[in-house]
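Engineer: The primary structure of each chain is shown beneath.
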Amino acid sequence: MSANKTIISVLSALALGFVSATACATPHIKHWISASGAKVLFVEDHNIPMLDVAVSVPAGSSFDTASKSGLASMTHHLLDLGTAQLSEDDISRGLADTGAQLGGSFDQDRASVSLRTLSSEVERSKALAIMAQVVQQPVFSDAVLAREKARVVAALKEAETQPASIADKAFQKAVFGAHPYALQTSGEVATVEQITVQDLKDFYAAHYAASRAVVAIMGDVSQAQAEAMAEQLTAALPVSSAQTELPAVVMRIPESEQRIAHPATQSHILLGAPGISRSDPDYFPLYVGNYILGGGGFVSRLMNEVREKRGLAYSVYSYFMPMKQPGALQIGLQTKKEQADEALNLVRNTLAEFIAKGPTEKELLAAKQNIVGGFPLRIDSNRKILDYLSVIGFYDLPLTYLDDFSGKVEKVTVRQIHEAFARHIHPEHMATVIVGAPDALPSKSGDGHQ
Amino acid sequence: MRNYLHCLTLIVTVSLQPVQAEVFEHTLANGLKVVVQEDHRAPVLVQQVWYKAGSMDEITGKTGVAHVLEHMMFKGTKTVPAGEFSRRIAAAGGRENAFTSYDYTAYFQQLHKSQLPLAMKLESDRMHNLNLSAGEFSKEIKVVMEERRMRTDDDPHALLQERMMSVAYQEHPYRHPVIGWMSDLESLTVADARAWYRQWYAPNNATLVVAGDVKAADVFKLAERYYGAIPRQILPQRRHYDEPVQIGIKRLLVKAPAELPQLLMSFHSPVVQHPAQDWQPYALEILAGVLDGSESARLNKHLVREQQVASAVGAGYDSVSRGPGLFMLEATPSDGKTVQDVETALRQEIATLIKDGVSEAELARVKAQVMAGEVYKLDSVFYQAMQIGQMESIGLGSGALPVMLKKLQAVTAEQVREAAAAFLKEDNLTVAVLDPQPLDGKKKTVNEGGQHVR
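Quick note, the sequences are listed as chains A and B, same order. Quick note on numbering: the numbering used here labels position 51 of the first sequence as 51, and the sequence is numbered without any gaps. Quick note on numbering: the numbering used here labels position 272 of the second sequence as 272, and the sequence is numbered without any gaps.
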């Protein structure tokens with residue numbers, strides 16, 4: 001296709017002939033840079049006559065400013081609501097007629113548009129032609145913007161009354177302060193109401209650049225078809241030199257505890273602090289350590305202490321959200337109001353103990369058995385592989401990420417986990433939010449989080 | 001013993017190659033039906049055990065016991081201590097959980113293909129050796145109460161749905177929530193859980209589904225080894241309910257802390273009883289697609305995009321269940337509009353549909369989505385196993401799936417119109433409205449529905 005294309009093939013364990021009882025073939029990823037400048041990751045697989053493709057750009061809510069919070073999300077939201085040649089109904093009707101499904105995802109870092117279609121020539125061509133317009137020629141009409149603003153505002157007002165979203169908003173604010181990761185991904189009522197068509201056009205032109213796009217392709221197409229489609233989906237994206245660097249996250253936050261009134265029967269409790277970025281060298285020790293602390297379903301320490309031993313909650317969890325910049329370590333649970341403080345103390349003690357002493361060898365072994373033994377489940381469908389392709393491309397992870405995954409987990413030691421947690425998580429620098437707290441003062445309707 | 005194969009060859013005219021999913025069935029002497037779906041794309045498998053016992057088999061005063069027992073199934077057997085089931089599955093690299101519905105209770109593990117013996121050993125053990133202790137029960141019932149608070153009591157939309165069901169159904173146990181009423185949870189004892197377990201947990205009341213990178217013959221052999229010795233049981237007579245015919249519209253209001261009102265309109269509707277003879281349930285499935293199958297389908301196009309009377313709309317219908325069905329419409333009024341406005345708009349859509357019918361283009365669009373969905377579902381072994389287990393548990397059998405697909409493809413525009421006319425009518429209707437309440441319990445002073453300026 002293009003002159004500057006380089007193909008980097010990742011040999012799978014199977015291709016190399018290492019097949020043991022638990023070895024699992026990882027997908028054979030091909031990678032190149034399209035003539036448009038977009039990064040492409042492709043896995044060819046003809047088992048099912050279908051195709052999954054996703055285009056991702058660094059255009060998430062962290063590129064918003066406080067005064068225009070919600071602009072990035074609104075831009076993403078309006079992509080498939082009208083293009084230069086197609087009305088919003090043409091788009092959804094055209095896709096439905098071929099049985100294709102257009103989707104998208106949006107978070108602080110990333111805006112994505114994805115397509116699932118039958119791989120047969122007629123259906124695939126029609127669906128890709130529509131996706132190409134959606135990604136590259138959105139029109140952002142006044143009428144559609146006015147209507148969608150009203151819908152987003154309605155949803156935001158609703159969210160402001162629900163304990164889980166009130167807690168989440170207060171938590172992000174407490175953890176990230178003035179950093180754009182603190183902004184709500186879909187904005188605020190007041191800022192969304194002020195978004196203009198020109199704002200959308202400017203944001204799109206600045207952030208939907210071909211040179212920063214990642215195209216993930218998975219399924220029943222040839223390499224030549226994949227090359228053509230990557231070009232078709234990105235050649236007409238804007239050329240932009242806009243600044244995309246984020247400010248640094250302040251890692252040591254002041255200790256805080258917010259108690260917010262809510263009439264719900266349960267308290268929604270969140271604890272956390274800035275955690276790690278995708279590129280952090282402590283990623284694997286923290287990932288495995290967190291499995292032991294609160295990531296491992298029914299067998300984690302938090303689950304055991306809070307639910308299994310005492311019946312204090314249905315759900316209790318912890319996770320690191322690795323992002324471009326350090327995302328949060330978040331611990332969460334919901335429990336009957338009257339026992340909120342008991343549960344909170346238990347969670348704090350469990351965390352403090354884990355940080356102070358680290359895991360046991362037995363726990364580490366169990367964690368490795370689960371994570372390594374369960375690796376094949378991470379890549380057992382086209383959908384899951386597509387998501388890995390997008391993440392590997394977007395976060396500049398090595399193309400051997402999947403091949404290396406189990407080995408990196410195996411290498412983690414008790415000491416590494418202990419040290420990594422001690423380095424990154426400091427109980428005296430954590431934020432706590434309790435919505436529906438037992439002793440919170442009543443607050444104004446809809447503004448409980450102020 | 002029966003041992004046969006049926007092969008679903010999907011007639012996907014648009015695809016380049018035929019899509020095949022092979023399903024193998026075999027019933028053990030003790031009555032346990034084993035269904036295997038081979039899929040060799042990845043070295044993984046899922047085991048699911050489905051019991052034909054859901055909340056609809058409960059009696060008044062004991063609601064929630066089916067789901068409580070599901071929780072207790074992780075609390076140990078004579079030889080496997082409490083929590084150990086989960087630890088062993090985790091140590092084998094597995095993921096596991098369980099779910100309870102109105103119609104059935106199911107347990108599953110997803111694992112590397114080499115771990116089927118372990119999964120079968122553990123799952124077969126708790127089919128007949130469960131250790132139900134009062135101590136574990138007293139802790140777990142609290143967990144279930146927290147689950148109810150989280151999923152229902154503090155979730156306005158779930159609360160609206162729960163209360164709507166309890167009004168739409170007059171006698172049928174679908175009027176009780178799967179998770180149970182709180183006062184029943186408070187009065188349930190370990191003896192109730194034991195009685196439930198004794199009654200329903202038997203090989204002849206279960207279906208074992210294994211899907212993934214396995215060979216059917218091997219699975220049947222392992223199933224015989226691990227499940228074969230569990231004794232068959234005499235099952236209680238199942239109570240059949242003839243839901244009294246509704247004789248007038250029903251309305252209810254549910255107050256909960258929220259910002260936006262919501263409208264739910266539910267119409268009593270039939271479900272598939274005889275897959276090859278029925279036509280109405282298939283027509284209703286297509287109707288749901290015509291109304292809400294895409295962003296350009298009628299409800300979103302007319303109510304959200306054009307009239308802007310609603311900020312969100314939806315239609316839902318499930319043609320397969322053990323008990324009587326509902327065809328549901330829901331809508332959230334947009335700013336400045338009321339629930340009356342959206343109800344009027346939804347009724348207008350129904351009236352237009354019954355008067356003018358649906359176009360061939362709309363019909364073809366929904367069918368294209370259905371057929372594409374049949375291809376896409378091949379990407380999820382878990383979902384395919386779910387579909388098999390569900391069909392077996394409600395009594396239609398997974399062999400009905402290809403028949404139902406053909407019947408869906410055969411639905412005509414006139415049948416869609418006729419089904420709408422037959423069931424989307426006043427006397428079948430329950431209208432439920434969520435009446436949003438301010439968080440501080442005080443009456444709202446802001447000008448609701450007016451312009452919002454800050």
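Since the hints were derived computationally from the structure, they do not count as laboratory data. Think of the CB as a built atom: it goes at the ideal place given N, C-alpha and C, for glycine as much as any other residue. One thing to keep in mind: the hints can contain errors.
No more than 25 Å apart at the CA atoms, straight line, and that leaves these computed lysine to any residue pairs for SDA-like [to be verified]:
| hint | chain 1 | residue 1 | chain 2 | residue 2 |
| --- | --- | --- | --- | --- |
| 1 | A | 30 | A | 47 |
| 2 | B | 113 | A | 58 |
| 3 | A | 309 | B | 382 |
| 4 | B | 301 | A | 58 |
| 5 | B | 255 | B | 301 |
| 6 | A | 169 | A | 58 |
| 7 | B | 367 | A | 30 |
Selected chain B positions facing chain A (in silico; Cβ < 10 Å) [to be verified]:
| hint | residue |
| --- | --- |
| 8 | 113 |
| 9 | 145 |
| 10 | 146 |
| 11 | 149 |
| 12 | 150 |
| 13 | 237 |
| 14 | 238 |
| 15 | 240 |
| 16 | 242 |
| 17 | 295 |
| 18 | 300 |
| 19 | 368 |
| 20 | 382 |
| 21 | 441 |
Engineer: Against each hint, give a clear statement of whether it holds in the structure.
Structural biologist: Hint by hint, here is what the structure shows:
1. Our distance criterion of 25 Å between C-alpha atoms is met by residue 30 (chain A) and residue 47 (chain A), whose separation comes to about 18 Å.
2. Using a Cα cut-off of 25 Å, the hinted pair residue 113 (chain B) and residue 58 (chain A) is violated, with the two alpha carbons roughly 38 Å apart.
3. Pair hint residue 309 (chain A) plus residue 382 (chain B) does not hold up; C-alpha atoms about 31 Å apart against a cutoff of 25 Å.
4. For the hint pairing residue 301 (chain B) with residue 58 (chain A), the CA-to-CA distance comes to about 31 Å; that exceeds 25 Å, so the pair is violated.
5. Among the hinted pairs, residue 255 (chain B) with residue 301 (chain B) is inconsistent with the structure: their alpha-carbon atoms are about 30 Å apart, more than 25 Å.
6. Between residue 169 (chain A) and residue 58 (chain A) the alpha-carbon distance is near 22 Å, which keeps this suggested pair within the 25 Å criterion.
7. This hinted pair does not check out: residue 367 (chain B) and residue 30 (chain A) have alpha carbons roughly 35 Å apart, beyond 25 Å.
8. Satisfaction of the interface hint for residue 113 (chain B) is found here, the shortest Cβ-Cβ separation to chain A being roughly 8 Å, below the 10 Å cut-off.
9. For residue 145 (chain B), the interface hint holds, since its Cβ comes within 10 Å of a Cβ in chain A; the closest pair sits about 8 Å apart.
10. For the restraint placing residue 146 (chain B) at the interface with chain A, the shortest Cβ-Cβ distance is roughly 4 Å, inside the 10 Å limit, so the hint holds.
11. Hint status for residue 149 (chain B): holds, given a least beta-carbon distance of 5 Å to chain A, under 10 Å.
12. Because the closest C-beta pair between residue 150 (chain B) and chain A is about 5 Å apart, less than 10 Å, the hint holds.
13. Of the supplied interface hints, the one on residue 237 (chain B) is violated, with its beta-carbon coming no nearer than about 34 Å to a beta-carbon of chain A, more than 10 Å.
14. Given the 10 Å rule on beta carbons, the hint for residue 238 (chain B) is violated: about 30 Å separates it from the nearest Cβ of chain A.
15. With a least beta-carbon distance of about 34 Å to chain A, the hint placing residue 240 (chain B) at the interface is violated under the 10 Å criterion.
16. Restraint check, residue 242 (chain B) versus chain A: the minimum CB separation of about 36 Å is more than 10 Å; hint violated.
17. For residue 295 (chain B), the interface hint holds, the least distance from its beta-carbon to any beta-carbon of chain A being 4 Å, beneath 10 Å.
18. Restraint check, residue 300 (chain B) versus chain A: the minimum CB separation of about 8 Å is within 10 Å; hint holds.
19. Residue-level restraint check for residue 368 (chain B) holds (minimum Cβ-Cβ distance to chain A is 5 Å; threshold 10 Å).
20. The beta carbon of residue 382 (chain B) comes within 9 Å of a beta carbon in chain A, closer than 10 Å, and the hint placing it at the interface holds.
21. The restraint placing residue 441 (chain B) at the interface with chain A holds, with a minimum CB-CB distance near 7 Å, inside the 10 Å limit.
Comparing the model with each earlier hint shows violations of hints 2, 3, 4, 5, 7, 13, 14, 15 and 16; every other hint is respected.
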